[in-house]
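Enquirer: This is what each chain is made of:
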Amino acid sequence: DTEVTQTPKHLVMGMTNKKSLKCEQHMGHRAMYWYKQKAKKPPELMFVYSYEKLSINESVPSRFSPECPNSSLLNLHLHALQPEDSALYLCASSQVVPGTDRGSGQPQHFGDGTRLSIL
Amino acid sequence: AQSVAQPEDQVNVAEGNPLTVKCTYSVSGNPYLFWYVQYPNRGLQFLLKYITGDNLVKGSYGFEAEFNKSQTSFHLKKPSALVSDSALYFCAVRGRVGANNLFFGTGTRLTVIP
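In order, the protein sequence lines correspond to chains G and X. When we follow my numbering, the leftmost residue of the first sequence carries the number 1080, and every step to the right adds one. When we follow my numbering, the leftmost residue of the second sequence carries the number 290, and every step to the right adds one.
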């Protein structure tokens, strides 16, 4: 069992729908991430939250809207997606050691992902 | 820019034989390097990392990796492969200095043949 829980595991939606992906961790990690992974490809970073604040947005289209309501939860709101957005969406979390460069050497813990299909 | 390369898409090895999955890196500054494994329909699992210290890093499930600065490599190794090691392996490097993001290599599919 993974320590990062993602729901739902599968999601099929139309291009006009609005849906949300959810991620939860209780390891006390203060950095959380969203990745997109296409089949047989490496994960691509979308967003990074550090201490519940958005710290990195890798030029993701606005139809993806992240939200970090508290230190344990991370959401990804979806609206007006395109067929090419079909992918596995992975959430991850890691410790943050503030004030040190070594903080960025903490391993990330991944959930099992949400497999998203856009019709 | 930080990047890693995995030159082999596929590695096949017989059960019980040693295995090596290759990774080379290109970074500015000190390299923070990681190996992750992904089983079908699962997320990524952390295996090991190199930040500083001994060049030989030991990780989970009997895996180890050797950091070689002169060859800019960070190859993953295991002395005796198991069929259950068959999976997709990703090498990764930290992004900007002080940042938490990772850049992944293209992945190597390891198949251990019984």
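Careful: at least some of the hints might be erroneous.
Said to hold, decoys possible - Sample of chain G residues facing chain X (criterion: CB under 8 Å; computed from the structure):
#1 1110
#2 1118
#3 1121
#4 1124
#5 1125
#6 1130
#7 1133
#8 1150
#9 1184
#10 1186
#11 1188
#12 1190
It is worth saying that the hints were derived from the structure and are not from the lab. Because the structure is a prediction, the values reported are computed rather than measured. Just so it is clear, CB atoms sit at the ideal spot from N, CA and C, and this is done for glycine as well.
Enquirer: Now tell me if each hint is right for this structure.
Expert: Do the hints match the structure? See the list:
1. 1110: Constraint on residue 1110 of chain G satisfied, holds at 5 Å.
2. 1118: violated, 11 Å
3. 1121: holds, 4 Å
4. 1124: holds, 5 Å
5. 1125: violated, 10 Å
6. 1130: Nearest chain X Cβ about 11 Å off; hint violated.
7. 1133: Nearest chain X Cβ about 12 Å off; hint violated.
8. 1150: violated, 15 Å
9. 1184: Holds - the Cβ of residue 1184 of chain G comes within 8 Å of chain X, reaching about 4 Å at its closest.
10. 1186: holds, 4 Å
11. 1188: With Cβ-Cβ at 7 Å, under 8 Å, it holds.
12. 1190: holds, 5 Å
Against the hints set out earlier in the document, violations occur for numbers 2, 5, 6, 7, 8.
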